[in-house]
Amino acid sequence: MNVATPNFAQQLSALVMKDLRSELRTREILTTTLMFPLVLLLVFRFAFEVGDTVGVRAAAPGVIWASALLSSILSLTRSFSSEREDDRIHGLLLAPVDRGTIYLAKLLANLAFLFLVEAVTIAAFGVFFAIDLGPALPKLLPVIALGTIGISAVGTLFSAMAVNTRARESLLPLLLFPVLTPILLAVLEHTRVGLAGGAEAIEGHWLGSLIAFDVIFVAAGWMLFEYVVEE
Amino acid sequence: MPKSSTLAVWMLPTATLAMVVAVYAAFVAPIDTGEGVVQKILYVHVPVIWTAYLAFFVGLVASIGFLKNRKRSWDRVAACSTEVGVVFCTLILVTGPIWAKPIWNTWWQWDARLSATLVLWFMYVGYLAVRVLAEDRAQAARWSAVVSIVAFLDVPIVHKSVEWWHTLHPKPKALSPDGLNSGLDEGMGTALWLGVLAFTLLYLTLFFLRLTVERLSDERDEKRVAA
Chain A
1 MNVATPNFAQ
11 QLSALVMKDL
21 RSELRTREIL
31 TTTLMFPLVL
41 LLVFRFAFEV
51 GDTVGVRAAA
61 PGVIWASALL
71 SSILSLTRSF
81 SSEREDDRIH
91 GLLLAPVDRG
101 TIYLAKLLAN
111 LAFLFLVEAV
121 TIAAFGVFFA
131 IDLGPALPKL
141 LPVIALGTIG
151 ISAVGTLFSA
161 MAVNTRARES
171 LLPLLLFPVL
181 TPILLAVLEH
191 TRVGLAGGAE
201 AIEGHWLGSL
211 IAFDVIFVAA
221 GWMLFEYVVE
231 E
Chain B
1 MPKSSTLAVW
11 MLPTATLAMV
21 VAVYAAFVAP
31 IDTGEGVVQK
41 ILYVHVPVIW
51 TAYLAFFVGL
61 VASIGFLKNR
71 KRSWDRVAAC
81 STEVGVVFCT
91 LILVTGPIWA
101 KPIWNTWWQW
111 DARLSATLVL
121 WFMYVGYLAV
131 RVLAEDRAQA
141 ARWSAVVSIV
151 AFLDVPIVHK
161 SVEWWHTLHP
171 KPKALSPDGL
181 NSGLDEGMGT
191 ALWLGVLAFT
201 LLYLTLFFLR
211 LTVERLSDER
221 DEKRVAA
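Protein chains in written order, with our numbering: chain A, 1 to 231; chain B, 1 to 227.
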């Protein structure tokens, strides 16, 4: 019998579909992770009760991205803590697939969940803070996409470590947030300019730094992942 | 290759001597006309940051080496050098504000270099956390090596992005684009370079001492297993 070895794209899509399907069946990320940005925004709404719209507008980029980043920790942790149960990670590692491919598949699945978290955060922000992000959104989308790729690239790599330690959720932000500084600054700056809605043009180098970050860390994660999951 | 304990024994008096000379040079160096005596913290601050970068760089090279050859000795070098680097990086964050309070009239500014150094410090504290929290030594070695590489790749991007954010920190005076020591008076340059030498020797002393402790604890563990 001649069984064709699945090519890279087939392997990748099978692995991504595995994560998405398991999420659709358990709905663990959907139930916990999507509620988290909502309660965070509730807290921020009370904390930043400044009365005037100018103050709220100034705080807006920070509120959105602090909520999105904090929520991303939950979904990134879930990505590997689900593999920890019943030693599922061993099944995954025994599959005749390159470790780099497993990393890319996890990165893509995390990307899907992170986009969902961000969509909920931005929509809920508009409702809670009565600021219409609609007009700024088309300009923001490429930045959000690039920023999220970076978060997922480093987050996937570090999550594979953090969930296997005693500290779990508390180690991941300690490792992840400092590394994400360039991404945070770039998305904050874009969001601020986007919300101002005026003639102020955003400097091109912010986008450049996002692209550089993504290229470097997707490549680094792809190469380093095997050292993280090695037995 | 001599043992780390032998190197530490030789390095300790050498570093002490160099430190005495460097402190003397800092005392006799002319007093800055603008900043006054406060400026003298430069002779500690700049050598300390250089030493921290050196220590992290040694840690990075040893980490990459470890992932390639999997020798415990490389992992020891990576861990010990990075640990000493964190100590020096902490010293930068302490000496900087001592200078900033009288000159800028505030302990801290979210200036590019300050923010980048703080981020750097957090990344390497994360490195130490990974080593402590990993389940076993092999895992600690592999994971911390990965963290070291990621941190090092990130430093230039962090530096650029916080620079666009804000900059206020004084420009480099010794290694300046206008030529060596161009921003310094005679006597100041000498004191600064002697400081760099003394702190580099101090780094080597601490590094070899730390390496000795690590090696001895490995040997003790081996004996325990054998017994």
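Mixed in with the good hints there might be a few duds.
Each pair of labels, with its calculated beta carbon distance range [claimed, not checked]:
#	chain 1	residue 1	chain 2	residue 2	range
1	B	Val87	A	Ala4	41 to 49 Å
2	A	Leu20	B	Ile64	30 to 38 Å
3	B	Val21	A	Leu207	24 to 32 Å
4	B	Arg137	A	Met223	20 to 28 Å
Don't read these hints as lab results, they were simulated from the structure.
Using N, Cα and C, we set each Cβ at its ideal position, and we do this for glycine too.
Hints, one by one, checked against the model:
1. Val87(B) to Ala4(A): 41 to 49 Å: violated (57 Å)
2. Leu20(A) to Ile64(B): 30 to 38 Å: At 35 Å between Cβs, range holds.
3. Val21(B) to Leu207(A): 24 to 32 Å: This hint is violated: roughly 50 Å between Cβ atoms.
4. Arg137(B) to Met223(A): 20 to 28 Å: With a Cβ separation near 23 Å, arginine 137(B) and methionine 223(A) satisfy 20 to 28 Å, so the hint holds.
Of the hints listed earlier, those the structure fails to meet are numbers 1 and 3, in rising order.
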